Amino acid sequence: MRLSIYRFNPETDLKPRMQDYELAPEAGDKKLLDALMRLKTIDDSLSFRRSCREGVCGSDAMNINGRNGLACLTPLVGLKEPVVLRPLPGFPVIRDLIVDMTQFFAHYHSIKPYLINDTVPPERERLQSPAEREKLNGLYECILCACCSSFCPSFWWNPDKFIGPAGLLQAYRFISDSRDTATAERLAYLDDVYRLFRCRTIMNCTEVCPKGLSPSHAIERIRQALVRESS
Amino acid sequence: MRARVEAAPKFLNLLQIRFPIGAIASIGHRISGVLLVLSLPLLALALDRSLHSEAEFAVLRDLVSAPWRAVLLALLVWAATHHLLAGIRHLLMDVGIGSGLSQARTSAWAAIVAAAIVALIAAARWLA
Ligand code: SF4
Ligand code: SF4
Ligand code: FES
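Residue numbers (my numbering), protein chains in the order written: chain A, 1 to 231; chain B, 1001 to 1128.
Just so you know, the hints here were simulated from the structure itself, not pulled from any lab data. Everything numeric in this text was worked out from a predicted model, so none of it was measured. A portion of the hints provided could be inaccurate.
[What the hints assert, rightly or not] Stretch-level coverage of chain A by chain B, calculated; a stretch enters the list once three of its residues show a Cβ under 8 Å from a Cβ in chain B:
(1) 16-27
(2) 61-68
(3) 214-222
Each residue gets a CB set at the ideal place from its N, CA and C atoms; glycine is no exception.
Only chain A is shown next, with the shape it has when bound in the complex (with noise of 0.2 Å):
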């Protein structure tokens, strides 16, 4: 198989540039990731991330002909040749697939990612009808792998103050989540015309999340709240 993959090493090169590999894959190599292995033992400066190899840790998210998407659920065959890999768009690059995520986890710890309930915590735990815990389906399952934002084009023009689908769908999860006390200062937190107001309904987050979830739905159950919020 034929393979188009950006190359940008920062101690020797000035501008990233395009290289082509030819791979001949064996038996085994079902994913677009295991090709990636196996070319790394042809030409061991080929830098890219990936833990899992099942779509769990979120690593390997990069570009694969002009769709974001995770290398290791990414099957080999249907892939169009020569197959094109570039990073994350619009992310800084650190070096060849490797993006520098600071500012995509900056959003995400923006808004606080963790349950907050100031009430005394019962004996045991704080339950959860089978119907409240419902409400966190299609929410909690999200890997932060980036390729939502990073195929946001409000993202791209507003890296810095747009918090981006991955962290508004996580905002929402922690909104929804019966458990939690703190959902009036969350929804003010995110009334802001960067914020969350920089989504234009444009899906594409919606359209390559590995995991089939859908942050513009959750953006859109957001905005809902806050108009319930101010009536």
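Fit chain B with the ligands to the given chain A structure using the hints.
Chain B with the ligands alone, transformed into the frame defined by chain A:
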């Protein structure tokens, strides 16, 4: 380290990114909006002139009947139609109607195709 981070390149070549159909409808909405704003003064001027006298109306009519101007007008018809349809789509989605991924894809296609058809019809009529 710091200097290096500041010099870090970014990949953001829009021509090398494969945009989903919703993004294309949305970019079209922007472009058509700009076209409409830019053309509005000219169109208003043309309307004003054409109402002035029959002679000026005839001059304007001859002006727009040249083929390349028909193409220009068709472009404006496209802009108006696309802007309207994509705008309605956005408004409906903002209140939660058709905001699921498959519906949003369908409505994006519908807006793009419908606006193109209307523009083609307009062009055909002017050229005929
Ligand atoms: S919402 Fe989906 S695409 Fe976005 S970070 Fe979470 S898992 Fe990745
Ligand atoms: S729907 Fe909003 S968050 Fe998702 S890609 Fe579009 S602008 Fe970004
Ligand atoms: S390697 Fe963990 S998500 Fe792909």
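Hint-by-hint comparison with the structure:
| no. | hint | verdict |
| --- | --- | --- |
| 1 | 16-27 | violated (count 1) |
| 2 | 61-68 | holds (count 4) |
| 3 | 214-222 | holds (count 4) |
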